[in-house]
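S.K.: Dock chain B against chain A, hints included.
Line by line, the protein sequences are chains A and B.
Those letters in the first sequence? Residues 1 to 316, per this note's numbering, in order.
Those letters in the second sequence? Residues 1 to 316, per this note's numbering, in order.
Treat the hints as calculated values from the structure; they're not laboratory data.
Since the model is a prediction, treat every value here as computed from it, not as a measurement.
Among the clues, some could well be false.
Put simply, identical chains are the same to the list, so a pair is met inside one copy or across any two.
What the hints assert, rightly or not - Dumping the calculated EDC-like pairs for lysine to aspartate or glutamate here, alpha-carbon to alpha-carbon at most 20 angstroms:
#	residue 1	residue 2
1	K284	E140
2	K251	D22
3	K286	E308
4	K221	D191
5	K286	D22
6	K59	E45
7	K286	E140
8	K251	D285
9	K284	D22
10	K64	E129
Number of protein chains: 2
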Amino acid sequence: MSELRWHPFHQDWVITATHRQDRTFFPPDDYCPLCPTKAGGFPTEAPRESYDVAAFENKFPSLKTPPTDPAVEGGALLLVRPSVGVCEVVCYTSDHDATIADLPVRQIKKLVRVWRDRYIDLKSRPGVEYVFIFENKGREIGVTLTHPHGQIYAYPYVPQMIQTRHQAELTHLGMHGRTLAADWLRDETEDGRRIVFDYKNWTAVVPFFARYPFEVHLVPKADTPDLESMNDEMLDGLAEGLKELATRYDKLFGFPLPYVMSIFQYSAVHTRLIVEFTPPYRTKDKLKYLAGSEAGCGAFINDTLPEETAAQLRAL
Amino acid sequence: MSELRWHPFHQDWVITATHRQDRTFFPPDDYCPLCPTKAGGFPTEAPRESYDVAAFENKFPSLKTPPTDPAVEGGALLLVRPSVGVCEVVCYTSDHDATIADLPVRQIKKLVRVWRDRYIDLKSRPGVEYVFIFENKGREIGVTLTHPHGQIYAYPYVPQMIQTRHQAELTHLGMHGRTLAADWLRDETEDGRRIVFDYKNWTAVVPFFARYPFEVHLVPKADTPDLESMNDEMLDGLAEGLKELATRYDKLFGFPLPYVMSIFQYSAVHTRLIVEFTPPYRTKDKLKYLAGSEAGCGAFINDTLPEETAAQLRAL
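One chain only, chain A, in its complex shape (with noise of 0.2 angstroms):
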């Protein structure tokens, strides 16, 4: 069972899904459920001997079409309304041990194009109202399954985090004729010291404003608001700088560093596709936590200077 529930304080929903207490925690290497079915083997969720990119839906989804029956029946203040919607999961590749640093960039270049595709197909449904691609990477960060893989959102509604920040985005446009990621990537290319990588049509910077200590984003020179919006040339760009990140990102410690990827688009103009990395650690061996400022109030403290983390994150 599952359904959205009301938050009154926070204004946004809240999803329950309890059938995902039971879902698929570390399975052996040799039952991975993301791997191609083997002959003779257990069935997997991709029944062929081998694979480029797949995408299906999520077999423990936090939102589903058409919904199951919500678990309660509400109120006037304690709204519910069923959690509709599409929990779809990507794989990078059939090989159970890659990472996105050893993939080839051909590869990642058919990635971003599933992306591409399964976000013009999901955010075209009925009752979708906002579509999220992001990536768990490690255990430190939840994961439960190893095989490299990504996941896409399409939620029923706006969550709040993305109303404030779309309304930020169109304040900015009305006041100055420009989209807030243009005018900020031009004073970050200007400034050059949070700069981790430039090249063609894409630039990897550590935000002036970042909310972890190596987090960067990966920013479109133009004003593409979505992946849709993007030509050959722009895809082909994230596919190199996915590559070059997630090199440099294993490179710093000498271990596959996790992160939450975070993929922010919306098909309007006033906006610009940002591709957000934020890794869980702040030094080798010390994880960042979200705790009472972070989780309680939303006050970020960050443990670094982002001037200091771009340069470390460059030298590599």
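M.R.: Relative to the frame of chain A, chain B by itself:
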């Protein structure tokens, strides 16, 4: 060095505090900086033989008065402010190994009064816009000192999340003539399924809209917006509720349950103080992580039903 940097997409400040990278990290029990100083021993933060409840400035503060100079200059879009404010530590007892569940209620009554005193003092200081009392408990949530203690942050701005909260409370009061907390608690009490315990002038409830599996809110039964407005009876009731909840939490899985405790209060008539507990566990051996959907989009997924977790906590 430390400063506030403006996050133009989130419309919020981010605090940088680089000196915190060197903060004390799990010292041996014999070298706890929060224990009373022993005769002939190293000097701790409490230069006396023992203490009841002790409050003092954090040695590795994120906010400080007078503030240090910012590390960067900033610009028109890359806004910078000094990170003026106060960070205090509140030790609950001089006993290094105690937990709130162990403490006698009379000790917790003292603690609550220290919170009240510190709140009144800090909120009256120039430049302080929001005072946040919280506790990070347990290694799993990131504490670096195990001595029982909480913290107080006096921010020089109102965090975006708190602004959303107060706007929602203000709107509700305008529409209904009653505080949001009053109406919500009335609905919870009438329904009853999510009440953990109810006594005298406080109620402990797993909210209908819980974001974390074992989230519990301690709510006063009267419209008391902050600790300052509470009389002795209300303060004593809070102390009793803290003891009762901590005891149930520690019984739940048979180990001291880690949590973040957040005291939301604001000296304004449209609000009611709420003490929120958000433990990071979803089962006795699995953690609740804030990853893609939560950290990226702010969209929380709760793998449990609030009605069921309330029943579990009620039965202990």
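S.K.: Now tell me if each hint is right for this structure.
M.R.: Here's how the hints hold up against the structure:
{"no.": "1", "hint": "K284 / E140", "verdict": "both (13 angstroms within a copy, 18 angstroms between copies)"}
{"no.": "2", "hint": "K251 / D22", "verdict": "neither (35 angstroms within a copy, 23 angstroms between copies)"}
{"no.": "3", "hint": "K286 / E308", "verdict": "within (17 angstroms within a copy, 35 angstroms between copies)"}
{"no.": "4", "hint": "K221 / D191", "verdict": "within (16 angstroms within a copy, 54 angstroms between copies)"}
{"no.": "5", "hint": "K286 / D22", "verdict": "between (30 angstroms within a copy, 11 angstroms between copies)"}
{"no.": "6", "hint": "K59 / E45", "verdict": "within (9 angstroms within a copy, 52 angstroms between copies)"}
{"no.": "7", "hint": "K286 / E140", "verdict": "both (11 angstroms within a copy, 12 angstroms between copies)"}
{"no.": "8", "hint": "K251 / D285", "verdict": "within (15 angstroms within a copy, 32 angstroms between copies)"}
{"no.": "9", "hint": "K284 / D22", "verdict": "between (32 angstroms within a copy, 14 angstroms between copies)"}
{"no.": "10", "hint": "K64 / E129", "verdict": "within (14 angstroms within a copy, 42 angstroms between copies)"}
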